[in-house]
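Residue numbers (the working numbering), protein chains in the order written: chain X, 45 to 558; chain H, 5 to 445.
To be clear, the hints were calculated from the coordinates, so they are not data collected in a lab.
On a predicted model such as this, the values are computed, not experimentally measured, just so you know.
For every residue, glycine included, the Cβ atom is placed at its ideal position computed from N, Cα and C.
Hints are not guaranteed to be accurate.
Simulated pairs of lysine-lysine, DSS-like, Cα-Cα distance not exceeding 25 angstroms [what the hints assert, rightly or not]: (1) Lys15(H) with Lys423(X); (2) Lys275(X) with Lys224(X); (3) Lys531(X) with Lys380(H); (4) Lys281(H) with Lys64(H); (5) Lys380(H) with Lys512(X); (6) Lys224(X) with Lys133(X); (7) Lys531(X) with Lys512(X); (8) Lys54(H) with Lys281(H); (9) Lys281(H) with Lys237(H); (10) Lys236(X) with Lys275(X); (11) Lys237(H) with Lys512(X); (12) Lys24(H) with Lys54(H).
Label pairs and their computed distance ranges (CB to CB) [as the list claims (entries may be wrong)]: (13) Arg344(H) with Gly225(X): 35 to 43 angstroms; (14) Ala306(X) with Tyr438(H): 51 to 59 angstroms; (15) Arg136(X) with Lys380(H): 30 to 38 angstroms.
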Amino acid sequence: MTQAKEPSATDETMTPETTDNAAESHEYTGTRIERSNREIAELANRTYQHGWVTDIEMETVPHGLNEDVIRLISAKKGEPAWLLEWRLKAFRHWQAMTEPRWANVRYPEIDYQAQRYYAAPKRTSKELNSLDEVDRELLNTFEKLGIPLEEQKRLSGVAVDAVFDSVSVATTHQDILARKGIIFCSFSEAVKNHPDLVRHYLGSVVPYTDNFFAALNSAVFSDGSFCYIPKGVRCPMDLSTYFRINAADTGQFERTLIVAEAGAFVNYLEGCTAPMRDENQLHAAVVELVALDNATINYSTVQNWFSGDEQGRGGIFNFVTKRGKCLGRNSRISWTQVETGSAITWKYPSCILQGDNSVGEFYSVALSTNYQQADTGTKMIHLGKNTSSTVISKTISAAHGNNSYRGMIKVMPRAENARNYTQCDSLLIGNQCGAHTFPLIEVRNKTARVEHEASTSKISEDQLFYCKQRGIGPEDAISMVINGFCKEVFDHLPMEFAVEATKLLGVSLEGSVG
Amino acid sequence: MTEVAERLSDKETFLDALSKRVEDHAPGWLRQLRDSGARRVETLSFPTHKDEEWRFTDVKPIVRAAFEPSLRPPREAPDPALAAPHRFNLPGWTELVFIDGFFVPGASQLPDADGLRVTSLAETVRTGGALPRTHLDALAGSSGNIFNAMNSACLVDGAVVHAPRGYAGAAPVHLLYITTDRQENGAAHPRNLIVLDETAELTLIESYAGLTDAPYFNNAVTEIVLGDAAVLKRYKVLHEGPRGYHLSSAHVEQHANSVFRSFSAFLGGKIARNELKTRLAGEGADVSLAGLYLAEGDQVIDNATGIEHASPHCTSRIRYKGVLGDTSHAVFSGAVHVHRDAQKTDSNQLNSNLLLSDAAAIDTRPILQIFADDVKCTHGATVGQPPREQIFYFQSRGISEAMARAILTCGFAGEVVDDISVEPLRTRLHDYIYNRYSPQK
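With the rest of the complex left out, here is chain X (with noise of 0.2 angstroms):
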């Protein structure tokens, strides 16, 4: 294929943000100088590669949340009656609640009605028929960020629907995948056009009642992905949405839904980056994934907000609820993350193993560094017969980052033979930062067997010698560790994307140690 020469599509998506350390690593500075001068001087300097602004008009609603806000965000989007009252139910819900402050971040108080929920670039034309009539000045964008939307670069192989703020820009690949009768086109379209699945499925896996920030996303969520695979159909391409947060003050609330029916099997692929501000933003997304008999869903995600600068100043609050049901006999959902970005990161990916035979995975590389505080991990939920689910999560702390992992195994009465394995391992560079875990296992049959594994340690100073013994400076030594310490869950990712996080993380921690 020609895909390998081709700039991939998310190969972007996944560059890394650095941190300016340089003056921390003082101790290794002989050695450094060893390595390429100017490579090194780069990568140090090197910021946040994505936080640039795009000067686009935009359309946007006024700031504040109430139920006006909410009709208009409907009436925009040219919505039915039915959806309107859904995200009117769990506005009234999200208002009964209050925010859960479980986790382990800290943030200051955020003003739900200082935001604004809705912002989309200005359009000339109601319906776009080709990616001709889209704003040069948009494509220039995901253009910049290496997702090709225009024809002759769409030989990548990865079919993606790029969002944009509040909307969906384009969708490539239709027509092939079209063939094959699978959906795959904004949530708005699939609202449009297919009303009863996405009104069969919608809130099936995560019910707007089941958290804040769920409630807060079925109530003004503007755009995402929708995906249906029909009967026994293998996706012949992976399938991959792109979010940009470019407005600013505006908050960011997609929704994906992935429909698996039998026998079908697809690979779906996630990225995202925003600009750099002051400010904290919002996102509050929420996905999810239902798998039928035999289906196999592997969802990977690259999220690499702004995650705020050395100093903590600004960067995405990411406050995620992401859950897959293997409602299906011997059904399969896969979640593998690598979470670089965000100032805040709230998020769980979970499968509920409802199917006979069915299986959960869930593998996670969350790195913080800086400021940046993540509270990751996953639910397993054990309800059908000879379920099984593994846990990998690898998480690493730099500089004043803060890395939480809190999973919950839970084995119901009637899960025979229920099977779990989970390992959470931690790397702590440095002496301020902080790593914890937070495991729960509930087991309600006694045939269940659910192991638990957890470590937490620095680089040891053995590897470090038997490296520098063998001519292998401190940095490469240590991305070396990191690399054999990730390569569990690069394992799971696809390719492309498995190389770019590696340099990712490489370059992200460049200058911590020391």
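Using the hints, position chain H against chain X.
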């Protein structure tokens, strides 16, 4: 005492009962301590499932029951023979027996070793001993646990053990708490203070036995201070009656290079919760907390262990094992907190559970909170039943499935008991486990 038939559930009436207590000539500092406990009872509230630490253990049955705090020893002295089956009665041992919360000298055997001081709290206060005044509530006072506060508010009796510098007597000290049916719905609030000065070494057994099928409540608080390089082995054996409620807290402070070896066995009681909080305050301190809980019927057993690594170069180990049958419910939390400057911490915890019945439930939470980077911390938790392969192995050699299960269960539970260094106690527990799980029962 019958006039204070007040309900624990109502804090005000509990406090009222306290205010009506007959003056027992307590010195001023003790009265202050009690008052401050009572004030904390006023401000704190009873934990519910919303309190993270108490999430899985419902204390409502305890709060609702009409338990009456025992504030004065009964007029009639209890029969010392009641304690006999639970005593070890071995030469050289020190045994303090408490019946329904009060020290019974007639049933006890006081120390004959030089230097070691083992007395009842009431006695120590009466004779003006300085130890309680300096140490009582120093560790438990700030716990935020309302049951600790209730204990302080009552504060009548318990044991004071003081091993002076360099003490190294080999014979153990046994504190035995017996609950009889003499007081209906009684609540005892025993308070123990264990202080080991520099380099002292001591073995301590704390056991609780219920001789009644009626409901009662034991709310024990133990404070332990280990001086530099002191070594304490503490064994706690809980054998409460079938309707006995037991809540206890042990607060341990360890100074430099001290060693604390703890083993807790939970064999009975309707709801039993044991909080064991250790603070490693000095460099090089070493702690290991081991435990075994065997539950059946509708028992609830909750072990909340916590280790705070506040100093560098400390080592901690937690190893708890549980066997759960019928509809019993066990909760285990292991919270290890490593402070920013506690470098070179070595910490390890493991919780293993064996489920014998479908209706048994286990909630286990091994929590690590780490703020230092040069550490080695691991934790693990397992839940399962005896592997089928192992049972098949026995069957293939002509041993019945029931017997195979019994052998495997005894082996699983017995492993932690093997480490007990007090031979009579080890034998007692091994026999107990064998009798409990042997199929011929």
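Results for each hint:
1. Lys15(H) with Lys423(X): violated (38 angstroms)
2. Lys275(X) with Lys224(X): holds (10 angstroms)
3. Lys531(X) with Lys380(H): holds (21 angstroms)
4. Lys281(H) with Lys64(H): Holds - the C-alpha atoms of Lys64(H) and Lys281(H) are around 23 angstroms apart, at most 25 angstroms.
5. Lys380(H) with Lys512(X): holds (22 angstroms)
6. Lys224(X) with Lys133(X): violated (36 angstroms)
7. Lys531(X) with Lys512(X): holds (22 angstroms)
8. Lys54(H) with Lys281(H): It holds: about 21 angstroms lies between the C-alpha atoms, which stays within 25 angstroms.
9. Lys281(H) with Lys237(H): Status holds; Cα separation ~15 angstroms.
10. Lys236(X) with Lys275(X): holds (22 angstroms)
11. Lys237(H) with Lys512(X): At roughly 44 angstroms apart (the allowed maximum being 25 angstroms), Lys512(X) and Lys237(H) break the hint.
12. Lys24(H) with Lys54(H): violated (33 angstroms)
13. Arg344(H) with Gly225(X): 35 to 43 angstroms: Given range 35 to 43 angstroms: violated, Cβ gap about 57 angstroms.
14. Ala306(X) with Tyr438(H): 51 to 59 angstroms: This hint holds: roughly 53 angstroms between Cβ atoms.
15. Arg136(X) with Lys380(H): 30 to 38 angstroms: violated (51 angstroms)
When the structure is compared with the earlier hints, violations turn up for hints 1, 6, 11, 12, 13 and 15 and for no others.
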